[in-house]
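Undergrad: The residues making up each chain are set out below.
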Amino acid sequence: MDQVKNFTKGFIRENPVFALMLGLCPALGTTTSAYNGMGMGLATLFVVVMSNIVVSLIKNFVPNKVRIPSYIVIIASFVTIVDLVMAGYMPALHEQLGLFIPLIVVNCFVLGRAEAFAQKNTLGSSIIDGTGMGLGFTLALTMLGAAREILGSYSLFGFQFIRDDGMLIFILAPGAFIALGYLIALTNRLK
Amino acid sequence: MEYIAIVLSAILVNNIVLAQFLGLCPFFGVSNKISTAAGMGGAVLFVMTVAAIVTYLISHYILIPYDLIYLRTVTYILVISSLVQMVEIILKKVSPPLYQALGIFLPLMTTNCAILGVAILVIQQEHTLISGVVFAIAHAIGFTLALVILGGIREQLELLNVPKGMRGNPVILVAAGLLAMAFMGFAGIV
Chain Z
0 MDQVKNFTKG
10 FIRENPVFAL
20 MLGLCPALGT
30 TTSAYNGMGM
40 GLATLFVVVM
50 SNIVVSLIKN
60 FVPNKVRIPS
70 YIVIIASFVT
80 IVDLVMAGYM
90 PALHEQLGLF
100 IPLIVVNCFV
110 LGRAEAFAQK
120 NTLGSSIIDG
130 TGMGLGFTLA
140 LTMLGAAREI
150 LGSYSLFGFQ
160 FIRDDGMLIF
170 ILAPGAFIAL
180 GYLIALTNRL
190 K
Chain D
0 MEYIAIVLSA
10 ILVNNIVLAQ
20 FLGLCPFFGV
30 SNKISTAAGM
40 GGAVLFVMTV
50 AAIVTYLISH
60 YILIPYDLIY
70 LRTVTYILVI
80 SSLVQMVEII
90 LKKVSPPLYQ
100 ALGIFLPLMT
110 TNCAILGVAI
120 LVIQQEHTLI
130 SGVVFAIAHA
140 IGFTLALVIL
150 GGIREQLELL
160 NVPKGMRGNP
170 VILVAAGLLA
180 MAFMGFAGIV
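For the protein sequence lines, the chains are Z and D, in the order given. Residues 0 to 190 (numbering that gives the first Met the number 0) make up the first sequence, in order. Residues 0 to 189 (numbering that gives the first Met the number 0) make up the second sequence, in order.
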């Protein structure tokens, strides 16, 4: 029962983007379409699960004083793996996400999971926590991307349902802030 | 002339926060008052410039000659986090008042993606050392400008009667969106 709660807390109640306002840079910078948002979310999901696994395995060997730098190095290694794999197999998406792939390192939500959860809990619950929070992050980015794509180009996952240009402002920077503001108001209401 | 273009583009047209979405955590986290916003801006200006110089030198004298580009993310983040620590220790010794004023903002700098972002952009856009420094300073000024303006807006927002569902973060995000819209007016001046 506790593990179920542990898994689902990231979806709405402790959603990294909507509730905790963490990891906003990629959430706003990459969500010009639902597909891009989902790609960014899945890349972050991989990094947060892997870093949670490693951090919870080495938690007893790392001196307290150097724990943050060591977590950062662990996270940076997995980010480098994602960066190289994406550049090799998904060059188009890699091009779209650009700078935000290396910047997963400084996504405060990834480091936050290592610091707040993985270093105090067992391997199993760290994996569940990482997966749940990562999926919550993916969900948030996909929703924001979908909202912006529907309003901004009248399409969803590339499927055009009105033959028109759409409200361009939602693809541009201001629309990102405004769409996220209203989505947060909506999730506050759901809670 | 080239430097003027870099400065105008970084501060107004491609504002690091409002157009490039970097450094949003401090943008929303410490912009509740103009004074704290300005303090954070000062700290960012300092660390961003030093970080850009150090990562430029590391990149051009270690990573590129020895073909270690794939280690970029790991080395940069290590350099930045140790740099932040060092700046903290030096400031504590040299200028206690400034250290007091910056307070909690200094350690927070490590996870400020604007710093790492600018360090990577300096290399990606193939700047020289001097134009890289200009680029970093201009971006830090743009960051401070956005933070101070949002700080001013938030001071006024506290006096308003905001609908219940929009209170707190949502209304701040919408205000930031309108601010970004205003900055879009600068598009095309460079």
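Please note: incorrect hints may appear among the correct ones.
What the hints assert, rightly or not - Each computed BS3-like pair below joins lysine-lysine, with the alpha-carbon atoms no more than 30 angstroms apart:
(1) Z:Lys119 - Z:Lys64
(2) D:Lys163 - Z:Lys4
(3) Z:Lys190 - D:Lys163
(4) D:Lys92 - Z:Lys8
(5) D:Lys91 - D:Lys32
(6) D:Lys91 - Z:Lys190
(7) D:Lys163 - Z:Lys64
(8) Z:Lys64 - D:Lys92
These are computed hints drawn from the structure, not numbers from a lab. Quick caveat: nothing in here was measured; it's all calculated off a predicted structure.
Undergrad: State for each hint whether it applies.
TA: Taking the hints in turn, this is what the structure says about them:
1. Restraint check: the Cα-Cα separation between Lys119 of chain Z and Lys64 of chain Z comes to about 16 angstroms, which is no more than 30 angstroms; the hinted pair holds.
2. For a cut-off of 30 angstroms, the pair hint linking Lys163 of chain D to Lys4 of chain Z stands: about 29 angstroms separates their Cα positions.
3. Note on Lys190 of chain Z and Lys163 of chain D: the hinted pairing holds, with a Cα-Cα distance of about 14 angstroms set against a maximum of 30 angstroms.
4. A threshold of 30 angstroms between alpha carbons decides the hint, and for Lys92 of chain D with Lys8 of chain Z the separation of about 44 angstroms lies outside it, so the pair is violated.
5. Restraint check for Lys91 of chain D and Lys32 of chain D: the C-alpha separation of about 24 angstroms stays at or below 30 angstroms, so the hint holds.
6. With a CA separation close to 44 angstroms, the supplied pair Lys91 of chain D and Lys190 of chain Z exceeds the 30 angstroms bound.
7. For the given pair, Lys163 of chain D sits about 43 angstroms from Lys64 of chain Z by alpha-carbon distance, which is inconsistent with the 30 angstroms threshold.
8. Using a Cα cut-off of 30 angstroms, the hinted pair Lys64 of chain Z and Lys92 of chain D holds, with the two alpha carbons roughly 21 angstroms apart.
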